[in-house]
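J.: Residue-level listing of the chains:
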Amino acid sequence: MTISVTGLTRRYRDQLALDDVTVDFEGPSITGLLGRNGAGKSTLMRIIANQEFASKGSVRVFGASPVENDAILRRMVFVREDQVFPDFKVQHALRAASWFYPNWNGELAEALLRDFDLPPNRAIKKLSRGMRSALGIVVGLAAQAEITLFDEPYAGLDAVARRMFYDRLLASYAANPSTVVLSTHLIDEVADLLERVVMIDHGRIVLDATADEVRGSATTVSGPIAAVEEFVAGRRTWDRRRIASQESVVVDGTLDDADWARARELRLNLEALSLQQVMVHAAGETSGDVHERTSA
Amino acid sequence: MLDEGAPIFSQIADRLADEIAEGTLAEGDQVPSTNELAAFYRINPATAAKGINVLTDNGLVEKRRGVGMFVSAGARERLLDERRKRFAQRYVEPMVAEAARLRIDTEALLSMVRESKGAQSDVAHADELAHMQEGITI
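Protein chains in written order, with the numbering used here: chain A, 1 to 296; chain B, 1 to 138.
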């Protein structure tokens, strides 16, 4: 297992940031670590990257503890949202990174600097927020580490630069498949890049599945009220809406061929929920919302 | 670029199959690689690979070791055959059902079909027309 987290708990004074988290990350794969702000995503990544200590539980990276373990840390690059760089120029930051990471790709770093319009001679403290994020991305990609952790790496980056990031991430992953974990709240933007989705809420893992499973896991059914009601009878549903004689409701669970055929007969429209919609629902559910239940 | 709804891998498989059916990907042509598909559609390479696997499982494309994936011999004909078989179910039956709801009788429907844009008068397609008529049972 590339990264193995067992029973991990992190307590701050009066708050439980991580609550008995057990999760594995196995490469090569791109995993989305999703959740609301304050859910515990950053804490989990920081502990994996040895930038913070656990209160309880264990983290193993390549089978060993990453705590103060230089050999392990060189195989892992962590780009965080509020990345702090020492007070020097862009090119110096890249040179420092090139000494630390054994697979550092200098050509790629230079190409990425051009892609993101980063002036190599500018002092880092004079970079805009977006440029600092871009520098973090350059380091994250050019390190070509076996594990790449991106924690909301694009504060201040516009849509064009973010798309550049996704394209370069895919290209570098294609050339060099590794273990990538990407935390983000821009779920719709990254949904198609992800192979697996881990969702964390209030410090707990609430969902861990392949992106395909999540995408097919709930469906909006719409059409004439009577037909919709007939179709959803006995199923778990939520978000029921009505207008005139039409109804739309979300049903939980994967639909099979027979379901689709039945829906066609009843002239119902079926539309799978997007990853983002499923995630929003999952977050709402753990906040105490309850499901409606239709009786058969 | 891809819609929500069907799983992405099956959308990828469908698009490649469309190209094979249309002949833009001819038999013996190389199919785009997993990484090319991933970069083009901005999707995970594993998802692209899963899409291509659907076509390999159906024998529409085959692997040549160390070179890549290629459209198999006879792939287009098999695909067209399969799609012709699905045609009645997917298009004719819903069309006939909707016509019935609109009180369009079989004769009127057939003449609409004949007069529609792109209708083929060619008798070489009589088989398909006959097949279509079988599906029409108002």
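I should point out that these hints are in silico values taken from the structure, not numbers from a laboratory.
Fair warning: there could be bad hints in the mix.
Think about it this way: if two alpha-carbon atoms lie no more than 25 Å apart in a straight line, the pair counts; the simulated DMTMM-like pairs of lysine to aspartate or glutamate are [said to hold, decoys possible]:
{"id": "1", "chain 1": "A", "residue 1": "K89", "chain 2": "A", "residue 2": "D158"}
{"id": "2", "chain 1": "A", "residue 1": "K56", "chain 2": "A", "residue 2": "D87"}
{"id": "3", "chain 1": "B", "residue 1": "K85", "chain 2": "B", "residue 2": "E36"}
{"id": "4", "chain 1": "B", "residue 1": "K50", "chain 2": "A", "residue 2": "D188"}
{"id": "5", "chain 1": "B", "residue 1": "K50", "chain 2": "A", "residue 2": "D158"}
{"id": "6", "chain 1": "B", "residue 1": "K50", "chain 2": "B", "residue 2": "E93"}
{"id": "7", "chain 1": "B", "residue 1": "K50", "chain 2": "A", "residue 2": "D167"}
{"id": "8", "chain 1": "B", "residue 1": "K63", "chain 2": "A", "residue 2": "E189"}
{"id": "9", "chain 1": "B", "residue 1": "K85", "chain 2": "A", "residue 2": "D188"}
{"id": "10", "chain 1": "B", "residue 1": "K50", "chain 2": "A", "residue 2": "E265"}
Here's a subset of chain A near chain B, in silico, CB distances under 8 Å, partners left out [unchecked claim]:
{"id": "11", "residue": "E52"}
{"id": "12", "residue": "A97"}
{"id": "13", "residue": "Y166"}
{"id": "14", "residue": "Y173"}
{"id": "15", "residue": "L193"}
{"id": "16", "residue": "D208"}
{"id": "17", "residue": "A209"}
{"id": "18", "residue": "D212"}
{"id": "19", "residue": "R215"}
{"id": "20", "residue": "G216"}
{"id": "21", "residue": "D239"}
The beta carbon of each residue, even a glycine, is placed where N, CA and C say it ideally should be.
J.: Could you check the structure against the hints above and give me the numbers of any it violates, in ascending order?
T.: Per hint list: 2, 3, 5, 6, 8, 9, 10, 11, 12, 16, 17, 21 violated.
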